[in-house]
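Student: Hey, can you piece these two chains together into the complex? The hints should help.
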Amino acid sequence: DTEVTQTPKHLVMGMTNKKSLKCEQHMGHRAMYWYKQKAKKPPELMFVYSYEKLSINESVPSRFSPECPNSSLLNLHLHALQPEDSALYLCASSRGADQPQHFGDGTRLSIL
Amino acid sequence: GNSVTQMEGPVTLSEEAFLTINCTYTATGYPSLFWYVQYPGEGLQLLLKATKADDKGSNKGFEATYRKETTSFHLEKGSVQVSDSAVYFCALCYVTGGGNKLTFGTGTQLKVEL
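Chains A and B supply the protein sequences, listed in that same order.
Residue numbers for the first sequence follow our numbering, so the first one is 28 and each next one is one higher.
Residue numbers for the second sequence follow our numbering, so the first one is 5 and each next one is one higher.
Isolated chain B, as found in the complex (with noise of 0.2 Å):
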């Protein structure tokens, strides 16, 4: 089946750290790849998203490129700030039934401290 597999957090940073939260998936075929954020008390907002392999998603200063060959898709931003405190979910997502389902990782807790 599907699966998805995130590092084990929380993960907690000094501001202008260089961040990695690796993600590693499992899947069939050929699904699309996302990171999406959650802040306290919010719903989840799309980071970025790539496609196919060899993608790569960019923004707000987060990357992850899709890696076949690696089954990975990994996100890194060069230099954090408190306000990218967050959980991050990596998701892989298929089309299916008029829609498409996600399938998420565990997520990631991020804390950055000043």
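Looking at chain A on its own, in the form it has when it is part of the complex (with noise of 0.2 Å):
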């Protein structure tokens, strides 16, 4: 069992679909962090928010949009995707900046 928790599991959507994939962690971890995961690659850094501030967007296409309404839940609004976006979406928290990352068992988003 993860103690970070994503929904949905699976995502299908249109390419002018607006949806919304959620993660919630109730660890007191005070950053949280997206990933992006192509089949058979490694975890790409989207974005990382600490103290539920953005700290770090690694120029993502502004078609993503993370938002942090409180330390325990972190969301990424998804608009106007293309093809090429569809992957495993992976959210991770941590206690605090030296301390190891959790994560989450990811959204499947598949874009139609």
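I should point out that these hints are in silico values taken from the structure, not numbers from a laboratory.
You may find that some hints are simply not true.
[Claimed, not checked] Reference listing, derived: stretches of chain A covered by chain B, where coverage requires no fewer than 3 residues with Cβ under 8 Å from a Cβ of chain B:
(1) 68-74
(2) 78-84
(3) 123-135
[What the hints assert, rightly or not] Straight-line distance between alpha carbons at most 16 Å, and here's what the computed EDC-like set of lysine to aspartate or glutamate pairs gives:
(4) A:46 with A:94
(5) A:49 with A:132
(6) A:49 with A:79
(7) A:68 with B:12
(8) B:105 with A:71
(9) A:45 with A:112
(10) A:63 with A:85
(11) A:45 with A:94
(12) B:64 with B:88
(13) A:36 with A:51
(14) A:63 with B:46
(15) A:68 with B:46
(16) B:115 with B:80
(17) B:115 with B:19
(18) B:72 with B:59
(19) B:105 with A:85
(20) A:65 with B:46
(21) B:56 with A:125
(22) B:56 with B:73
(23) A:67 with B:46
(24) A:67 with B:12
(25) A:36 with B:46
(26) B:105 with A:125
(27) B:81 with B:67
[As the list claims (entries may be wrong)] Non-contacting residues of chain B with respect to chain A, defined by C-beta distances greater than 10 Å in every case (computed):
(28) 5
(29) 6
(30) 11
(31) 19
(32) 32
(33) 60
(34) 76
(35) 85
(36) 114
(37) 115
(38) 117
Beta carbons: idealized from backbone N, C-alpha and C, even for Gly.
Tutor: Here is the structure:
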């Protein structure tokens, strides 16, 4: 069982849809992360939030919009995605900057 | 820049065989080093960690030692099981921007057969 919960587990959407991915943790971790993982590749960092503020954006296209409403919740809003955005989207959290990241099981996203 | 090099997979072993997955890194300063494991259909799980030179991380029979002189962090297990079949990622970790950044190797797929 993972302590970082991601919903939904699977999502299929068209290129004109708007959807959101959700990530929740109740471990009191103050840093949260979004990653994109393509098949047979390592995860690629997209965003880092620290104390609910965006601290790192790895030059991600604006069709991905992160949001951190509170210390336990991280969202990723999706709009006008492209087929190449189909991937596994992973959320992670860490207690502090010098602590390991704990990952959720991801949302598998397919863009039609 | 920082980088991690892992041995190419897939690695196929018989149950109870000895496992070594090589990992070498290039880094400035003193990063922490991790091994993560990813089972099919799941996210990454932290397998073990080492935060400074000569530290040995261990968990579930797996071990790795942070070797600064050879810039290596090789993963070993004395006797693998079918349930160890997964993809293993070596990663170095830097503190930055209120969190930390992981630089991953390409991953090594391990298949253990009966």
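Student: Given the proposed pairing of residue 105 of chain B with residue 125 of chain A, does the C-alpha separation stay at or below 16 Å?
Tutor: Holds, at roughly 10 Å.
Student: Can you confirm whether the C-alpha distance between residue 63 of chain A and residue 46 of chain B stays at or below 16 Å?
Tutor: 14 Å, holds
Student: Any Cβ of chain A at or closer than 10 Å to residue 117 of chain B, or is the non-interface label fine?
Tutor: Holds, since 20 Å exceeds 10 Å.
Student: Does residue 94 of chain A lie within 16 Å of residue 46 of chain A when you go C-alpha to C-alpha?
Tutor: 13 Å, holds
Student: Within 16 Å, alpha carbon to alpha carbon, are residue 64 of chain B and residue 88 of chain B?
Tutor: 10 Å, holds
Student: Tell me if the straight-line CA distance from residue 45 of chain A to residue 94 of chain A falls inside 16 Å.
Tutor: 15 Å, holds
Student: Can you confirm whether the C-alpha distance between residue 105 of chain B and residue 85 of chain A stays at or below 16 Å?
Tutor: OK: residue 105 of chain B and residue 85 of chain A at ~11 Å, within 16 Å.
Student: Against the 16 Å threshold, does the CA-CA distance of residue 49 of chain A and residue 132 of chain A hold or violate the hint?
Tutor: Holds, because 12 Å separates the two Cα atoms, which is no more than 16 Å.
Student: So is residue 19 of chain B really clear of chain A, every C-beta pair being over 10 Å apart?
Tutor: Correct as stated: the minimum Cβ-Cβ distance to chain A is 24 Å, above 10 Å.
Student: Within a Cα-Cα threshold of 16 Å, do residue 81 of chain B and residue 67 of chain B meet the stated pairing?
Tutor: 6 Å, holds
Student: Verify that the Cβ of residue 32 of chain B lies farther than 10 Å from every Cβ atom of chain A, and report whether the claim holds or is violated.
Tutor: 17 Å, holds
Student: Take a quick look at whether residue 67 of chain A and residue 46 of chain B sit within 16 Å of each other, Cα to Cα.
Tutor: With Cα atoms ~13 Å apart, residue 67 of chain A and residue 46 of chain B stay inside 16 Å; holds.
Of the numbered hints given earlier, the model fails none.
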